[in-house]
Amino acid sequence: MSAIARAATVRQAAMARAEAMRNASKSRAEVVRDATKDYEAALDAAARSRAEELREATREQDEALYAATVAYENALRAAQDAPPSLERVDPTVEAAGPAANEGGPSASAGNGQREPAPNDGKITPS
21 MSAIARAATV RQAAMARAEA MRNASKSRAE VVRDATKDYE AALDAAARSR
71 AEELREATRE QDEALYAATV AYENALRAAQ DAPPSLERVD PTVEAAGPAA
121 NEGGPSASAG NGQREPAPND GKITPS
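Using the working numbering, read the sequence shown as starting at 21 and increasing by one per residue.
Treat the hints loosely; a few may be bogus.
Cβ-Cβ distance ranges computed for the label pairs, FRET-style [said to hold, decoys possible]:
1) S47 - E73: 35 to 45 Å
2) A66 - D101: 48 to 58 Å
3) A98 - R70: 33 to 43 Å
4) L96 - L74: 49 to 59 Å
Hints are computed from structural coordinates only; laboratory data are not their basis. Glycine included, every Cβ here is placed at the ideal spot set by N, Cα and C.
Modelling step: build the complete structure from the supplied sequences, incorporating the hints.
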């Protein structure tokens, strides 16, 4: 083989090697790009799933809060519409303090109503 033929063979081998390296780099880049794309797709799917779980949990909590609010309002309405009971504490008597319970003409009668002051049988003009 002549030197020119050897040089051409070496040059052709070098070009083939360079082409193989470019192809290897290209395929490594493609592998990395595909792996990145798959990773991002998995992250998106996980984020969507988590967001849906949070929406569902929030919806359940909102429904539970609404149900508790309705029950509370119903109980409050029922308590306000109920007839007076000796077991219930009148908030106006409690707010007036202990001095209001110490007797006297204007003291509370225990049911939240004030009694009129006695007039000793005298009729006052209206």
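Hint-by-hint comparison with the structure:
1. A hinted range of 35 to 45 Å for the beta carbons of S47 and E73 is consistent with their spacing of about 38 Å.
2. A66 and D101 have their C-beta atoms about 52 Å apart, which keeps the hinted 48 to 58 Å range intact.
3. Look at A98 against R70: about 42 Å separates their beta carbons, and that is inside 33 to 43 Å.
4. Restraint check, L96 to L74: a C-beta distance of roughly 32 Å breaks the suggested window 49 to 59 Å.
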